[in-house]
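Working from the sequences, and respecting the hints, build out all of it.
As given, the protein sequences belong to chains A and B, one line each in that order. Sequential numbering of the first sequence, starting at 8, is according to our numbering. Sequential numbering of the second sequence, starting at 2, is according to our numbering.
Hints in this document: simulated from the structure, not taken from any laboratory. Don't take each hint at face value.
[Unchecked claim] Below 27 Å or equal to it, Euclidean Cα-Cα: the simulated DSSO-like pairs (lysine-lysine) are:
#1 A:K501 - A:K444
#2 A:K444 - B:K85
#3 B:K169 - A:K19
#4 A:K19 - B:K140
#5 A:K19 - B:K14
#6 A:K635 - A:K650
[To be verified] Where chain B lies over chain A, by a calculated footprint (3+ residues, C-beta under 8 Å):
#7 112-120
#8 367-381
Built from N, CA and C at the ideal position, the CB exists for glycine as well.
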Amino acid sequence: MSETAKKTKKPKGIIRWEAIIPFLIICLVIGLYFHFFFDGHLRRALEWVGYNTVGAEVNIAKLETSFFKASLRVQGIEFTDAEKPTHDSIKIGDIRFSMLWDALLRAKVVVNEAAVEQIEFGVKRARPGKVKPPEPPSNEPGMAEKLKTQALREAQEQAGENVLGDVIAMLGGSTSEEQLQKLQESLPSKAMLDKFQTELQGKQQAWDSRLKTLPQEKDIRALGDRLNKVKYKDFKSPQELQASIQELDKIYKDGDAMYKQIQSTGDDLGKDLKSVETQYRDIEKQVKTDIKTLEEHLRIPKLDAKSLTRAMFNHYLAPYKSKFYRYKAMADKYLPPNLLKKDKKDEEVAIQPHPREKGISYEFGRQNSYPLFWIKRTAVSSQAGITPDAGNIKGEILNITSNQALIGKPTVATLAGDFPAKQIFGFLLKLSLDNTKPESIIDYNFNVDSYALSGQDLVQTPDVQISFNKANGSLGINGKVVGLKNVSVNMDNKFTKVDYAISSKNEIADQILKAVFAGIPVVTLTVNGQGEFPDIPLSVNSNLGPELQKGFEKQIQAKINEARARVQALVDQEIGKQRAQVEAQLNQLRGQFDNEVKKAQAQLDAQKKQAESKVDQAKKDAENQGRKALEKEGQKALDELKKKFGF
Amino acid sequence: MTLLLKQIFSFLKLLNSDTGTNQLAIGLSLGLILGFAPVLSIQTLIVFAIIFIFRVQIGAAFLAAFFFKFVAFIFDQPAHYLGKAILETDSLRPLFVTMYNMPLVPMTRFNNTIVMGSMVVSIVLLPFAFFGFRILIEKYRATVVARFKGTKFWKAFAATKFYNWYLKYDELYG
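Written out as structure tokens, the structure is:
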């Protein structure tokens, strides 16, 4: 055996001492990474998340973290305005906060006080921001319907904007006779009527042949004759009575079979008649729709205050609406779903499971314990003058948390201030997000005492241009969102010191519009809406509407009435005759139902009654005869008894 | 990657030797825990610390973790139901409330149904896995390795200079 073979290796101990140096090296590498690279990587990650969440580029100038202080400071946060990428929608100078280590050790994030400073709106960016392309439409069931509804509503709103154009076209007396002629020939109601008439004829033939199979008058009369022949009184023997009753029963059964046949035919015909009448009502509806379509093609305007108000402010309100839908979509996507309640007992409200992609995570909270995430107070402050677009803002956001039920407090934000550079004064925002109840409630209230408007277009169509060259506005918006679905919104907008810019290619319209607007120094606009998302009908009112209505009414109401009468005449001419024919056919069918079926039913009813009365009579007669025979027998027995006793 | 490959070769070498049965069995059993636990959790860190501090066969642990990750993936649904049943047990609720509000314990993510179900299963299986792996390793060595070493091919290979050089190299640097 060689010497080396004899050598045995010294057994190694249970602890891997040789791993200390590699372990220290790994710790050092991790430490160095966090010291030199982590902040940059986190900054880029937040920018990426922001871009995907907001849908537009988000930039962060500087980000600092501290492990020992558990703090984070983010400076120069810029959110690109998706509708105007050259500008930021909001720019925040500084956000800083420290987390509690006590909570971090419990895998929770709790911040006692966070600070948000130097807020600016609509600041021009150094370079245009990237905007995320719109997502392809979802295949989710029901989504197609929602999109269709929304598209329809938008189309209707766009049509509304043309009301003023239509009024002007009517003032100019333009017509579209040829187009109307073509439309008249291809009326959908006409096609429906043709189809309906063919079907009705088929039905009528089928019914004629079926009605022929029904018992005729002679059959019913024969039944009556049979009934009259049956003896129903003065029975000489019980056998005679029995035979009569059997015959009556047979006639009754025959009559009943006839009755059933007539009744089933009557029911079928009744049902058919109903369905035919429903179809006809649909045609009537289509006729009304066709009239409306023709009116739209003829550009007959609705000269009412509401339509005119909508026409005036549609363009002005569009950005607000698009913002509203945008934020609603974001809220739907990112707000946590309503927390499920496992038990109804009060003390167990805090124990709530969160559905996750994999499994469910429960929160075993208790009173005065930390929720998963909680920023107790965020102080918001900004000082005007430090940067050109900065404003004077002061406010606070209380209790931003992942579990309001656990802390028992809603999230409340109050911000107030002004932006002198943008001539916005006295703005106040109060927002409350309450998720402590089964359905979340968002209360919002936003007021601006005064803001400057310049070059605000109201209507921009080829026929008419109306805009505010300059104006002072005040705004108040308040409302509620319940369960992220039921939305109510009230907006009060007032414009003073208005300098209008009005022009129209039609001279009369130009004069009317200028005269109307000259008499309106203050323009009011109120928007009210309530409904379930996305169907929130908005009622738009303004003092402009009635004034415009008055202004135009004298000029064109007669023309509108005349045009409407023309449309009605066109429709009558195209389908009137056919409609009359169809109505006649329908009446014939109704007549058949009433005459033949109901008459046969009535005759049979009469026969039935007669048969029943005869049966009753026969029974009574039999009873009477029986009673008389019994009395006779009794008298005879009494007489014999009297004789026996010698009375 | 090189370190990982070295550990796996080391595992194969140890498996085919006569020593280190317990090291291998513990490594494979801890791999079971690693496979069933979520990657970002305190129990994973604890198991890693055990593997690195104590002389446990790292390659065995990693190979077992890789294998049991697939098992755990298939086992997700039953683990969810088991975890749900445990987490919704009324009598255990005060314990969970206390645990949830203690430092460090929530970092195990025990409050997740799948994590709880998998954790319970892996802890219950741990002793059985240890003894099971021991028996399997011993049987493998007694049957497969011994038979292979008895083959003419192995004897011829073991007689080559190349093999002797390898032995020498292993003795000096292995």
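Going through the numbered hints above, which ones does this structure break? Give me the numbers in ascending order. When the structure is compared with the hints, only number 1 turns out to be violated.
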